[in-house]
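Protein chains in written order, with this note's numbering: chain A, 1 to 248; chain B, 1 to 248; chain C, 1 to 248.
Some hints could be false.
Said to hold, decoys possible - Non-contacting residues of chain B with respect to chain A, defined by C-beta distances greater than 12 angstroms in every case (computed):
hint	residue
1	H16
2	R123
3	R182
4	K188
5	S204
Said to hold, decoys possible - So the derived list for chain B, only partly shown, Cβ under 8 angstroms to chain C, looks like this:
hint	residue
6	V35
7	S43
8	S56
9	P61
10	G63
11	C85
12	K183
13	E184
14	F205
15	S206
16	S209
17	G219
18	D232
19	L234
20	E245
21	L246
In short, the hints are calculated from the structure, not lab data.
These numbers were taken from a predicted model, which means no experiment stands behind them.
By construction, the Cβ of each residue, glycine as well, lies at the ideal position given by its N, Cα and C atoms.
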Amino acid sequence: MHDIIAIITDFGNRDHYNGVIKGVILGINPNAKIVDLASDVDSFSINDAAFILYASAAYFPRGTVFLVVVDPGVGTNRNAVAVECSDHFFVGPDNGVLYPAASREGIIRAVKLEASRGTFDGRDVFAPAAAKISLQGSIEGIGESYNLTEKFELGEASVDNNFINARIIHVDKFGDAVTNIRKESLTKINKIKYEGMIIKRASSFSDCSNICFIEGSSGFIEIVANKSRASDKLGLYAGKNLRLELYE
Amino acid sequence: MHDIIAIITDFGNRDHYNGVIKGVILGINPNAKIVDLASDVDSFSINDAAFILYASAAYFPRGTVFLVVVDPGVGTNRNAVAVECSDHFFVGPDNGVLYPAASREGIIRAVKLEASRGTFDGRDVFAPAAAKISLQGSIEGIGESYNLTEKFELGEASVDNNFINARIIHVDKFGDAVTNIRKESLTKINKIKYEGMIIKRASSFSDCSNICFIEGSSGFIEIVANKSRASDKLGLYAGKNLRLELYE
Amino acid sequence: MHDIIAIITDFGNRDHYNGVIKGVILGINPNAKIVDLASDVDSFSINDAAFILYASAAYFPRGTVFLVVVDPGVGTNRNAVAVECSDHFFVGPDNGVLYPAASREGIIRAVKLEASRGTFDGRDVFAPAAAKISLQGSIEGIGESYNLTEKFELGEASVDNNFINARIIHVDKFGDAVTNIRKESLTKINKIKYEGMIIKRASSFSDCSNICFIEGSSGFIEIVANKSRASDKLGLYAGKNLRLELYE
């Protein structure tokens, strides 16, 4: 049950980087069940990788090892880490990608992996660590004790009288823009206003004419359109701050 | 032998959607052998997904469960279904994506899956159903009996004197345009004419100068070019109707 | 241990081609562990596929079967081959894609696969051969003895007084341009000059302002930028020849 390794990277599928990571894993744990979780995250986007991991982890079996290689600081003195949480293990750079998922789940302990100073820690540091953890079912002996330093937060939208100060935390392939507004916090609202535009609640994509908001599948309010890209229409992108008026 | 689950979606690889589906499957059937069949179908293209499934199913082992999530109507009252055919199982929305492959193979019975009314039935409805079917090797107990309603057809080109009325059913990555003309129906023809242009038969891509037609690998006539995009040159796209003159 | 099949193709993930190959493999060897090594190589790029295989093979377990389908000459009289090397097996067209990896490792013997004359040898010729090899752990009985004819070389940069005549052998997703200069041959150089521009050595991407060269993860010097595309800035692409001045 500890043999699943789920991989998130920004390497894409036209190079060998993702493949080589899988080769290294299978060399160490021939029984590893490797899952390509998201192989083509936007280049260098710690924000996107952190969101993807956060939105995915709870749906994987207990003991799954998540290997995240979105690592613009590879080769610098940022640390490489492995984290044991109550249900899963997380391996990757200490640049914030692991933090939202790990902290929500509850960090039991973290260790620092030995540095390589090369330019491909996915292959040389993270894959071997993930494979070893999947073999033994623990982070025992993987590195010395460590505390995560990059406490990147997806954040939580704040209410200010009749306004919500929110942030876009991900824009998906379809142009749906995920906000950091928990769906529970907007249950009584059916219309919001953004830069003069009324955005109505919809219960499904098909139910939406023009631009709407829905309770998204990851637990957050999403701004969407029906078969077109809300993000393009409104100029939304991951990291953008929004001030939304609660309208009705 | 019932543990293969082959997945077709339009989710792409920069989001978590495909990955989460795989996590859910492995939580239910730890022995599932998950195959990414086509992870980046054109967004919302029921046509493309139906073609891909049709062109693939016969090449997978008996008992394979195909999970198709190209589902523009998610959250509406379209039904979610599982279909048992003579060789394979098909799980997905009843929007036409399953129909061409299932009907060709022979539908033994279909069942309706319990609805979710959420926006991610791939995760919440289809993945659990596919995983259960792969575990038990049947659709027993998965849902109540049902008949598919969306009988989407790839269609078959019709001959009208010296003309063929055809349709493009898929354009692939290389710009090769797959028609719905069965290759058997054109064996004696070496030239066709389309909008004033003569298109010659070629036996391979390399054999083709400019634009040609070939007997494609899926059993249909394809309009192709040699290392360039026939679809762009002729303005072809999935769903386009063509009137072709049989020329020689 | 002979059950890993790692696949490199230019088919991408919006069509069924990669998926069908995997279905055929599982029909022959139900225990095959299929690894998507690189599923979206640039269309028809023998250069890229050869580099990817070369940069990957050593990181996979002994006995891995590599299946490479980047095959612009499919359907012509180019031959389909399987190659046994000291550590791995390689299956694909005899068009150069296998040669750099196989020749470096040491070719023990090669065989010619039976031709199909269709347009999808990945499905009809290469996948069955790879599956059989993975089942039996040898190329025994797969075809008649053969010598590779297309001896495509990544090449090795040559020094000419104070200049290096080099070639770009790959440009990756991030726009990093891999040269054919072995990193060992440039250890004492900290600046090179290309078309009037000074390019400084960097030890990591973050360490680089503007354009730099680094010792890349595949053993070659790479021309890179920090979070931007060196290839675009300098007009570099796979196959381009460069004359670089050793400057300091």
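These are the hints, each one checked on the structure:
no.	hint	result
1	H16	violated, 4 angstroms
2	R123	violated, 7 angstroms
3	R182	holds, 32 angstroms
4	K188	holds, 41 angstroms
5	S204	holds, 25 angstroms
6	V35	holds, 5 angstroms
7	S43	violated, 10 angstroms
8	S56	holds, 5 angstroms
9	P61	holds, 5 angstroms
10	G63	violated, 10 angstroms
11	C85	violated, 15 angstroms
12	K183	violated, 11 angstroms
13	E184	violated, 15 angstroms
14	F205	holds, 6 angstroms
15	S206	holds, 5 angstroms
16	S209	violated, 14 angstroms
17	G219	violated, 11 angstroms
18	D232	violated, 13 angstroms
19	L234	violated, 18 angstroms
20	E245	violated, 24 angstroms
21	L246	violated, 22 angstroms
Comparing the model with each numbered hint stated earlier shows that hints 1, 2, 7, 10, 11, 12, 13, 16, 17, 18, 19, 20, 21 do not hold.
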